[in-house]
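There are 2 protein chains.
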Amino acid sequence: MAKHSERVEDVFNALPDEQRDFVYKILYGKSPSDLSLQLPPEALAIAKKHGFDMQGYQFTAATESTRPARIVRVGLVQTSIAAATTEPVQIQRDAIFEKAKCFFDAASKSGVNVVCFEECWHMPFAFCTRERLPWCEFAEEISNGPTVSLCSKMAKQYNMVVICPILERDTLRGDIIWNTAVVINTDGSVIGTQRKNHIPRVGDFNESTYYMEGNSGHPVFQTPYGRIGISVCYDRHHPLNWFMLQVNGAEIVFNPSCTVAGLSEPLWGVEARNAAIANSYFTCSINRVGTETFPNAFTSGDGKSAHKDFGPFYGSSYVTAPDGIRTPGLSRERDGLLVVQMDLNLNRQVSDKWGFKMTQRLDHYAAEFAKLAKREYLPHTVHPPNNAKGQNVQENGSN
Amino acid sequence: MAKHSERVEDVFNALPDEQRDFVYKILYGKSPSDLSLQLPPEALAIAKKHGFDMQGYQFTAATESTRPARIVRVGLVQTSIAAATTEPVQIQRDAIFEKAKCFFDAASKSGVNVVCFEECWHMPFAFCTRERLPWCEFAEEISNGPTVSLCSKMAKQYNMVVICPILERDTLRGDIIWNTAVVINTDGSVIGTQRKNHIPRVGDFNESTYYMEGNSGHPVFQTPYGRIGISVCYDRHHPLNWFMLQVNGAEIVFNPSCTVAGLSEPLWGVEARNAAIANSYFTCSINRVGTETFPNAFTSGDGKSAHKDFGPFYGSSYVTAPDGIRTPGLSRERDGLLVVQMDLNLNRQVSDKWGFKMTQRLDHYAAEFAKLAKREYLPHTVHPPNNAKGQNVQENGSN
Chain A
1 MAKHSERVED VFNALPDEQR DFVYKILYGK SPSDLSLQLP PEALAIAKKH GFDMQGYQFT
61 AATESTRPAR IVRVGLVQTS IAAATTEPVQ IQRDAIFEKA KCFFDAASKS GVNVVCFEEC
121 WHMPFAFCTR ERLPWCEFAE EISNGPTVSL CSKMAKQYNM VVICPILERD TLRGDIIWNT
181 AVVINTDGSV IGTQRKNHIP RVGDFNESTY YMEGNSGHPV FQTPYGRIGI SVCYDRHHPL
241 NWFMLQVNGA EIVFNPSCTV AGLSEPLWGV EARNAAIANS YFTCSINRVG TETFPNAFTS
301 GDGKSAHKDF GPFYGSSYVT APDGIRTPGL SRERDGLLVV QMDLNLNRQV SDKWGFKMTQ
361 RLDHYAAEFA KLAKREYLPH TVHPPNNAKG QNVQENGSN
Chain B
1 MAKHSERVED VFNALPDEQR DFVYKILYGK SPSDLSLQLP PEALAIAKKH GFDMQGYQFT
61 AATESTRPAR IVRVGLVQTS IAAATTEPVQ IQRDAIFEKA KCFFDAASKS GVNVVCFEEC
121 WHMPFAFCTR ERLPWCEFAE EISNGPTVSL CSKMAKQYNM VVICPILERD TLRGDIIWNT
181 AVVINTDGSV IGTQRKNHIP RVGDFNESTY YMEGNSGHPV FQTPYGRIGI SVCYDRHHPL
241 NWFMLQVNGA EIVFNPSCTV AGLSEPLWGV EARNAAIANS YFTCSINRVG TETFPNAFTS
301 GDGKSAHKDF GPFYGSSYVT APDGIRTPGL SRERDGLLVV QMDLNLNRQV SDKWGFKMTQ
361 RLDHYAAEFA KLAKREYLPH TVHPPNNAKG QNVQENGSN
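Quick mapping for you: the protein sequence lines, in order, are chains A and B. When we follow our numbering, the leftmost residue of the first sequence carries the number 1, and every step to the right adds one. When we follow our numbering, the leftmost residue of the second sequence carries the number 1, and every step to the right adds one.
Not one of these hints is a red herring.
For identical chains, the list gives no copy identity; a pair is met inside one copy or between any two copies.
In the DSS-like style, the derived pairs of lysine-lysine whose C-alpha atoms are separated by at most 25 Å in a straight line are:
| id | residue 1 | residue 2 |
| --- | --- | --- |
| 1 | K371 | K357 |
| 2 | K109 | K153 |
| 3 | K30 | K304 |
| 4 | K304 | K353 |
| 5 | K308 | K353 |
| 6 | K25 | K304 |
| 7 | K156 | K109 |
| 8 | K99 | K153 |
Because the hints were derived from the structure by calculation, they are not lab data. Predicted model only: the values in this text are computed from it and were never measured.
With the sequences and hints as input, model every part of the structure.
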């Protein structure tokens with residue numbers, strides 16, 4: 001192509017106006033120009049200085065006479081690692097912390113109320129290696145770990161809620177490692193944590209080697225800026241995980257992720273967006289960027305030879321409103337900050353319109369779950385009353 | 001725009017090769033050219049003669065040494081009504097039956113094994129009117145109704161499984177009306193029925209005026225061409241409905257729908273596709289086309305004045321494989337037949353790769369459902385330990 005098109009949106013934006021608007025309307029629900037949010041020059045200057053992508057959008061709601069608008073600005077931060085994986089842990093961590101401070105600064109100057117980083121943003125996504133040292137050194141305690149401490153300080157300084165996904169080590173309870181998102185209030189205190197509920201073992205995502213399925217359930221955190229739920233990375237593939245956050249009252253669900261181009265990119269625009277639609281809440285999808293190179297070669301369970309790199313993580317962080325309208329994605333290659341203003345009143349308005357919660361028949365499904373979770377559950381299969389022709393694709397022994 | 005672009009795919013196809021392939025890879029998972037299935041000239045001739053869109057694609061699977069390929073061809077039929085809504089019911093029905101025969105013929109000549117029509121394809125989607133007569137006259141019994149009888153005859157003649165969504169009247173049990181898909185075997189016998197589980201009351205979809213939530217559960221039908229589940233129209237908004245069909249062993253789920261441009265079009269490419277991904281099965285999304293005009297004006301609950309037309313239904317029928325790769329959509333405006341060949345072995349291959357079923361923690365959710373379906377369920381909300389600043393968007397009395 002003549003010009004490098006980094007994102008599909010770059011291709012769309014180069015189309016003639018009418019075609020561009022048509023494509024956006026069908027695919028994204030609205031043209032980005034109808035969602036535009038002007039960002040302050042001093043924030044954009046930080047992005048320019050540090051070479052990260054920065055975009056702003058807004059979702060509005062109808063005016064209600066008995067309920068004031070509930071305006072929240074979220075900031076989605078996608079980063080690459082900031083030092084080589086061969087550096088000592090302390091050096092790597094300090095480098096990414098320095099980068100993070102720039103994002104806090106830009107977010108603050110943009111009036112962001114809630115900021116969220118990608119999954120395990122304080123470390124390389126080293127689970128592809130299956131090695132324990134030095135990677136497990138990045139695991140830290142909630143109460144006094146360096147990453148949570150930094151975010152706590154930033155939260156207080158900027159009066160923000162911060163969602164800080166880390167590799168957690170629960171030193172009090174057996175030194176066990178978890179994949180955890182920490183929710184920090186505007187005064188720097190920890191409101192609570194969400195441990196990743198569903199753990200992948202696919203491709204280079206050997207995470208089940210390091211930590212188990214989370215035991216924190218599906219809490220929703222009451223913050224000054226709405227009720228927040230968190231679905232960590234692979235949790236987004238599980239509609240039941242998103243559903244529980246709905247039942248527990250989430251208004252915004254963040255999905256801090258790390259996922260790579262060859263594996264999941266065509267699914268990226270589908271899953272969190274479907275969750276927003278099905279559950280009448282906002283979803284915020286955040287992915288890492290860049291390719292990470294490790295000291296020792298590893299295999300990927302795909303028949304190919306051992307190699308040292310993992311990625312590319314394709315960024316493309318985006319936000320979906322409860323009516324399914326979504327923002328464009330951030331860069332697929334560069335660090336980025338996506339600032340999105342939303343009126344939380346939209347959730348109830350969309351829920352009242354579509355009625356998905358009213359019509360979801362919880363009693364029916366509860367009765368089904370009581371049966372289906374049992375090992376001896378027999379699927380409800382209806383067999384033909386007699387043998388018909390053309391039985392060429394039945395599996396031997398199936399049903 | 002210079003040339004009328006009916007579908008987003010028309011816009012994509014006009015892009016330079018490299019950009020087009022890039023967009024398809026990110027958005028659809030693969031370029032349509034990598035999915036192409038050649039259709040026989042005699043089938044295409046029928047489409048040309050009757051002016052309907054016809055497209056063919058195929059999804060392949062890796063070869064396994066212990067399990068033969070399980071190749072199935074499905075045919076998705078999207079139609080507009082064939083006679084004015086002011087004609088007598090018999091005339092309207094005969095007209096759409098004549099049209100259907102052309103589709104059966106083209107599908108048969110294309111080697112289709114399983115054909116599915118859109119929701120209530122034998123009648124106008126008259127539920128917008130809230131009138132009972134003449135529309136309820138279209139409701140028919142499973143055992144001897146004219147639409148099921150026609151499809152039964154065609155199924156036997158062409159050795160096809162036919163999924164025939166109708167307005168059902170259960171004369172044996174109180175003359176009650178249901179929205180029902182009938183699964184007909186290759187010998188013309190009825191294997192079973194799926195009644196629509198979730199009923200909309202949104203916009204012009206006043207369906208709860210006519211029929212209640214289905215009482216047939218989530219059966220999966222064993223056919224000569226795989227295990228088939230059906231999610232009727234609005235059921236597609238409910239991840240739990242799709243989930244139950246997975247639990248019950250579906251390999252292909254058809255979603256016969258009727259839905260209109262202003263309401264749901266940006267969601268259309270998201271929901272069934274997400275279901276295919278989350279549940280490791282194929283999904284087949286079918287929508288009506290055209291605008292239907294009724295004798296008496298009706299309002300739409302949107303503050304606008306009474307009017308007589310309903311639509312446009314935007315077609316765009318498509319198929320998604322369990323790995324999330326999707327076909328382009330059929331026409332947004334014209335009748336169409338989408339022929340898709342699939343190897344059902346792909347389901348298990350994708351399921352083994354991603355592990356969504358293995359990691360879905362049914363026991364955990366079963367325990368949650370036992371609690372959450374109760375009226376007195378208290379959402380799991382975590383409150384901050386102390387009052388923080390910035391509490392500007394909390395609702396009064398929330399939580």
